[in-house]
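Protein chains in written order, with numbering that gives the first Met the number 0: chain D, 0 to 157; chain C, 0 to 256.
If you're looking for bench data, these hints aren't it; they were derived computationally from the structure.
Remember, predicted model here, so these are calculated numbers, not experimental data.
Backbone N, C-alpha and C define an ideal beta-carbon position, used for all residues, glycine too.
Check each hint, because a few of them may be wrong.
Below, a list of computed lysine to any residue pairs in the SDA-like style, where the Cα atoms sit at most 20 Å apart [as the list claims (entries may be wrong)]:
#: 1; chain 1: D; residue 1: Lys127; chain 2: D; residue 2: Phe146
#: 2; chain 1: D; residue 1: Lys127; chain 2: C; residue 2: Ser246
#: 3; chain 1: D; residue 1: Lys127; chain 2: C; residue 2: Val238
#: 4; chain 1: C; residue 1: Lys235; chain 2: D; residue 2: Pro119
#: 5; chain 1: D; residue 1: Lys113; chain 2: C; residue 2: Gly185
#: 6; chain 1: D; residue 1: Lys1; chain 2: D; residue 2: Leu73
#: 7; chain 1: C; residue 1: Lys37; chain 2: D; residue 2: Ile11
#: 8; chain 1: C; residue 1: Lys240; chain 2: D; residue 2: Phe26
#: 9; chain 1: C; residue 1: Lys5; chain 2: D; residue 2: Val47
#: 10; chain 1: C; residue 1: Lys240; chain 2: D; residue 2: Val120
Some chain C residues flagged as far from chain D (calculated, every beta-carbon gap over 12 Å) [said to hold, decoys possible]:
#: 11; residue: Phe17
#: 12; residue: Asp69
#: 13; residue: Asp115
#: 14; residue: Gly139
#: 15; residue: Glu141
#: 16; residue: Arg175
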Amino acid sequence: MKKIFLLVLILILGLLQATILNYFRLFWVKPDLLLICVVIAGLFFSPVAAIGFSIFIGVYKDILGFHNFGLNSLLFPIWGFLTIQLGRKISLDNDFIRAGFIFFLAGLNGAAVKMISDIPVSAGIFFKVLILEPFYTAIVSLLILRFICPAFEDNQPF
Amino acid sequence: MLNLNKRNLIVVLATVLFVFFLSGLIPSLRPTVINTLKFPLTFLSLIGREVRAIVFYHRNFIQYDRLKNDLGILQQRLNTFEEAKLENARLKELLALKKESPHKVIAAKVIARDPDNWSSIIIISKGSYHGIRAGCVVIGYEGLLGRVIESGSTTSKIMLLNDPNLSVSGLSQRSRQEGLICGTLGNSLIMKYLPKDADINTGDKIITSGLTLAYPKGLVIGTVVGIEEEFSGLSKYAVIKPAVNLSNTEEVLIIVQ
Numbered sequence: 000m001k002k003i004f005l006l007v008l009i010l011i012l013g014l015l016q017a018t019i020l021n022y023f024r025l026f027w028v029k030p031d032l033l034l035i036c037v038v039i040a041g042l043f044f045s046p047v048a049a050i051g052f053s054i055f056i057g058v059y060k061d062i063l064g065f066h067n068f069g070l071n072s073l074l075f076p077i078w079g080f081l082t083i084q085l086g087r088k089i090s091l092d093n094d095f096i097r098a099g100f101i102f103f104l105a106g107l108n109g110a111a112v113k114m115i116s117d118i119p120v121s122a123g124i125f126f127k128v129l130i131l132e133p134f135y136t137a138i139v140s141l142l143i144l145r146f147i148c149p150a151f152e153d154n155q156p157f
Numbered sequence: 000m001l002n003l004n005k006r007n008l009i010v011v012l013a014t015v016l017f018v019f020f021l022s023g024l025i026p027s028l029r030p031t032v033i034n035t036l037k038f039p040l041t042f043l044s045l046i047g048r049e050v051r052a053i054v055f056y057h058r059n060f061i062q063y064d065r066l067k068n069d070l071g072i073l074q075q076r077l078n079t080f081e082e083a084k085l086e087n088a089r090l091k092e093l094l095a096l097k098k099e100s101p102h103k104v105i106a107a108k109v110i111a112r113d114p115d116n117w118s119s120i121i122i123i124s125k126g127s128y129h130g131i132r133a134g135c136v137v138i139g140y141e142g143l144l145g146r147v148i149e150s151g152s153t154t155s156k157i158m159l160l161n162d163p164n165l166s167v168s169g170l171s172q173r174s175r176q177e178g179l180i181c182g183t184l185g186n187s188l189i190m191k192y193l194p195k196d197a198d199i200n201t202g203d204k205i206i207t208s209g210l211t212l213a214y215p216k217g218l219v220i221g222t223v224v225g226i227e228e229e230f231s232g233l234s235k236y237a238v239i240k241p242a243v244n245l246s247n248t249e250e251v252l253i254i255v256q
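Let's have the full structure, built from the sequences with the hints guiding it.
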């Protein structure tokens, strides 16, 4: 049941990120809701399920986006794995700590996408996206974690 | 950390190979899946538009009044140009010049944007079934918008002018100074490779140069709002405000012929 709920959440957040979230951009930057889903999968599901969800989320984001190859399909499983490993080492029970981790992960993801796809932007634009996107994603993640995560928290992961 | 015995190693290796295989399949899967997601994307973008219309009601009302006045003025100018056009056609016929064929355009609605912050791409509600193919030029009512990069049967993806991966050869309508227009992922464009003594001023209108077959000549790109020197000091660049509002485009025109 939790898996189906997360699957539906991923589909809805992906569609929102492609449509309505464009009206809430700050300086042309919007939060990465799908990355938040990767962290949720890593925190509340078994490693196999979390990696599976991360691959699915990466494929979904690549299909809605444009890169010549599946860039997010390669990166998101790595972030899912990182979430799983970090969740074992330190306590990620607090929403603010989770938001801080999402901030770090969003920055890492942005830098990785820029470096791998070699998008020709100036330093100013690079830093604008690299700083604003993680910040905005972390703020939005607080809302999502506060209202949606309790649905995943109580029982043992599958 | 992972217990790296033989079995786990095989599982990890198989997963990595599967992910690489999947990432290679993405470009071929994309048009089919986007076509499937067309209805929910259209529905959500419709909701967004309606909410925006309600929230910005007062601003839209004032804009409507202003546009109504502008329309009257433009209608009068159009009548004058119609006369000039007819006279031009008669004179050309007299000189036995070849008649220019107008572009065939298809209108389409924007249903989604890409979820990434590193590119500027929109998804529209028409595709190859309507005659749209990759490489078609896309315009708005005010000027050039971008280019079709992917075309499914009922949806297409368009790369906008402000995407850094798209470059357009343009020139100043006044001085005919040429340069390369590139995107900045924001509300402005950059016209690069201008020599230090380039004849370009604030307020100049920039149009497509037609130097390549990619874009027809004469499409309006935008207006120069600033001129800066490059860091090296050897050349300068112009900051251009696009003619089309790239952040709120809701309808596009695709030149199919």
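Each hint tested on the structure:
no. : hint                : verdict
1   : D:Lys127 - D:Phe146 : 29 Å, violated
2   : D:Lys127 - C:Ser246 : 17 Å, holds
3   : D:Lys127 - C:Val238 : 18 Å, holds
4   : C:Lys235 - D:Pro119 : 18 Å, holds
5   : D:Lys113 - C:Gly185 : 16 Å, holds
6   : D:Lys1 - D:Leu73    : 25 Å, violated
7   : C:Lys37 - D:Ile11   : 14 Å, holds
8   : C:Lys240 - D:Phe26  : 15 Å, holds
9   : C:Lys5 - D:Val47    : 18 Å, holds
10  : C:Lys240 - D:Val120 : 18 Å, holds
11  : Phe17               : 8 Å, violated
12  : Asp69               : 26 Å, holds
13  : Asp115              : 5 Å, violated
14  : Gly139              : 17 Å, holds
15  : Glu141              : 20 Å, holds
16  : Arg175              : 26 Å, holds
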